Structures are given as C-alpha cells and as structure tokens.
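Undergrad: Please put together the full structure from these sequences, using the hints given.
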Amino acid sequence: MIETTIRQYFVLTALSRFGVGFIMAIYTMYLMEKGLTLFEVNLVNCAYFATLFICEIPTGAIADVFGRKMSYVLSCVLYGIGMLVYGISDSFFGFIAAEMICAVGSTCATGAFQGWFVSSLRHYGYTGRTTRLLSREHMIGQAASIAGAVMGPFLLGISAGLPWIVGGMIHLVAAVLSTYWMKEEYFTRGTLSLRDRLLKMKAVTRTSMRYVRSEQNFRFVICLGIAQLIAIKSPDMQWQPFFSTAFGTPALLGILWAGIIAASIAGAWLAPCFLSLVHGNERWALVVANIGIGVGIVATILFNLPFGLAAFLLHEAARGLWKPLKDSYLQDTMPDAERATIASFESMFTHHLGGLLGLLLGGLLVKYTSIPTTWTVVSVVLIAATLTVARKR
Numbered sequence: 005m006i007e008t009t010i011r012q013y014f015v016l017t018a019l020s021r022f023g024v025g026f027i028m029a030i031y032t033m034y035l036m037e038k039g040l041t042l043f044e045v046n047l048v049n050c051a052y053f054a055t056l057f058i059c060e061i062p063t064g065a066i067a068d069v070f071g072r073k074m075s076y077v078l079s080c081v082l083y084g085i086g087m088l089v090y091g092i093s094d095s096f097f098g099f100i101a102a103e104m105i106c107a108v109g110s111t112c113a114t115g116a117f118q119g120w121f122v123s124s125l126r127h128y129g130y131t132g133r134t135t136r137l138l139s140r141e142h143m144i145g146q147a148a149s150i151a152g153a154v155m156g157p158f159l160l161g162i163s164a165g166l167p168w169i170v171g172g173m174i175h176l177v178a179a180v181l182s183t184y185w186m187k188e189e190y191f192t193r194g195t196l197s198l199r200d201r202l203l204k205m206k207a208v209t210r211t212s213m214r215y216v217r218s219e220q221n222f223r224f225v226i227c228l229g230i231a232q233l234i235a236i237k238s239p240d241m242q243w244q245p246f247f248s249t250a251f252g253t254p255a256l257l258g259i260l261w262a263g264i265i266a267a268s269i270a271g272a273w274l275a276p277c278f279l280s281l282v283h284g285n286e287r288w289a290l291v292v293a294n295i296g297i298g299v300g301i302v303a304t305i306l307f308n309l310p311f312g313l314a315a316f317l318l319h320e321a322a323r324g325l326w327k328p329l330k331d332s333y334l335q336d337t338m339p340d341a342e343r344a345t346i347a348s349f350e351s352m353f354t355h356h357l358g359g360l361l362g363l364l365l366g367g368l369l370v371k372y373t374s375i376p377t378t379w380t381v382v383s384v385v386l387i388a389a390t391l392t393v394a395r396k397r
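According to our numbering, the sequence shown is numbered sequentially starting from 5.
Keep in mind the hints are simulated off the structure, nothing from the lab. Mixed in with the good hints, there may be bad ones.
[To be verified] Below, computed lysine-lysine pairings styled on DSSO-like, alpha-carbon distance capped at 30 Å:
1) Lys-327 - Lys-73
2) Lys-327 - Lys-396
3) Lys-327 - Lys-187
4) Lys-73 - Lys-187
5) Lys-38 - Lys-396
[Claimed, not checked] Cβ pair distances, simulated, as ranges:
6) Arg-223 - Gly-98: 31 to 41 Å
7) Ile-58 - Phe-97: 38 to 48 Å
8) Val-15 - Leu-368: 20 to 30 Å
9) Phe-311 - Ile-259: 10 to 20 Å
10) Leu-256 - Leu-176: 25 to 35 Å
11) Ser-95 - Pro-339: 39 to 49 Å
12) Met-5 - Pro-310: 44 to 54 Å
13) Gly-284 - Leu-256: 20 to 30 Å
14) Phe-43 - Phe-158: 25 to 35 Å
15) Phe-158 - Pro-245: 17 to 27 Å
16) Asn-221 - Leu-391: 14 to 24 Å
All of these numbers come straight from a predicted model, not from anything done at the bench. Ideal placement from N, C-alpha and C gives every residue a C-beta, glycine not left out.
TA: Structure follows, in structure tokens:
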C-alpha cells in the first residue's frame, strides 16, 4: 500500500498542477488585455489571498475532523468551478468572484492533501524521512505545470477563455479520481453528531494554536516565509510584462514559463543534496535558499537579458529548493492528529498573509515607480529580513 499511495499522490499532484499550468504563462497579460492595469491585476489577486487568509483555518480543521479525503475532493471541485467561471467572465468583478471560488478550493487542499499522504504512509509502516518524496512531488507537479503552460497559449489563440475551461475540467477529473483512490484507514470516523464534530473542530484548532505558539521551529519558518512571499509576489505578477518586449508572443512566454518551472524542478531535485552539504541543518538550508531568492531577483534587473534571464531562473531554482526543505522540516515534526490544521496555520501566515502584503506593496510600488525599482526594493527587504531572523535564532 505504501507504493500505491505514493503513486496515487504523484498522479493527483500532476493532474492539479497540469490544470493550473494552462493559465500560468498568460494570466497577467490576459487580464491586461481585458483592460486591467498592473495595479488592478494585483487587486484581483488580492481577493484570492484575502479569501485564503479567512478560510484557511476553518477548512484545515474540517479536514482533520471530517476527513482529509473529503476536503481534497471538495478542493478539486471548487477549483474546477472557479476556473470555469474565470473562462466565461469578462469583467473586473467577474474575475474577483472566480478568484474567491478558487481560493476556497485551494484552502480545502492546503494541509489536507499532504497531510493525508504523510499520515497514510505512517499508517502503512513508512518510517523514513519525507524529504525525498516531497522533493519528487514538487518536481512532478512542476513538470506537469510545464506541459500545461506550453499548451495554454495555443488554447488562448483558439479562444480567450479556453485555457481556463480546460484547466477547470482537469480539476473535475482529479475530483473523480481522488474519490475512488484516496483511502483513510488511519482516520477513525466514529458516530459523532454534527454538534460534537464542530466542538471537535474547535478543540483541534485550539490544540494547533498552542503548538504554533510554543514551537520555535514553526515560528522560524513563518518569519522566513512571510518575508519570502512579500518579495516574490512582484516578480510573480510582473515577469510577463517585464520579459514581453524580448519574447513577444504568448507562445514564447509559455516556453519561458517552461524554463522557469524547469529551474524550480532543478532546485527541488537538489534539495536532498543541498541538505547534505549543510550537514542536515535544515534551518541554514532555508536561510541560504531565501537569500538566493533575493539575490536572484535583484540581479535580474542589474544585468542585460541573457544574464538577467539566467539570474531570474536561478531565483526560481532557489524557490524550488525552499519548498521541499520547508515541507519536510515541518511535516516531520508535526503531531499527526492536528497535521492539516497546523499546516493551514503555516499556509495562512506565510502564503496568504505574506502574499497579500506582497501584492499590495508590489502593486503600489509598480504604480508609482517601475518594475526594476519594485524588484530592487522587495529583494532588499527579503535579504534584510532573512538575515535578521537568522541572527535572532
């Protein structure tokens, strides 16, 4: 069952990333062609992150109490619906509505899917560290995203909303497969009433909050993660207009996105080796990865295109290195019963709060200055914050 669980986890990961990949190389340019400014594009994405922040903990507790399988299936359904709504929308508020639906779907998967995977492995007798498995998961997901990103611009040429519609249908397929594949033999459902389940959700949330407050490792990751998200949201939202003059057509931007994902895969692949180089010190590995991200961002705008592009890809590789190191660092120390809820706390603060702050800061900076100035400011913030956190630890 261990090998079956691993295989199913990788396939479902690939499907979800493949579906999202269709829009990754065209997202910002598509919204700008619909009449939105870069600041308005950031506001649309802010709706996504604000919804994530509000819904993260309740959906994490639902996963731990009602079952992580149910939570993940619901995630696939909602994300699929959100992408379909995106595909038929043609206004600022229509895009915001689609983002909010996708955000609720995303929170249902956060912690639940990875928590199901790790808890299932432990239940079936797996005793090893999860670093290599989570590193492989990241590489598989990114490879699937490459395929979607290369196909997305061609679908855009057929019909503007087609990449979103195809991506949404793929998520609905993932929902059907996960319904039949995912087993929760470690999970005891019992015969609790709805009221008792809600009370249990409250208890799980309180236990998770005590863990978050008392666990120094967790707070360390939170601080580094928030700093990172504040910095990376600007290049995330602005790389398409930044490189568009050099690459021109959406199809070439799709190829560039494939290069970005390839760099991220390389970083994830190197994660176990890099951890060995720092003698298993995961804290220092995370610090170095964060600094590498900041250096890569600022170097992108300091050099001309060939070297600037190389620096941008190096920053993506550092981001690929970060994720499996961070996931393994947290998953290997979390208590099993509250795994999804605690992971939701981490995602709420780092990904959602940090991302929201990054979108607001980046949007304001690019509105009143320029993309190069914006990237310089956020990279300096990231490097300074990372060094400050490292010194305090």
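Undergrad: Could you work out which of the previously given hints the structure breaks and list their numbers from low to high?
TA: Of the numbered hints given earlier, those the structure breaks are 5, 7, 8 and 13, listed in rising order.
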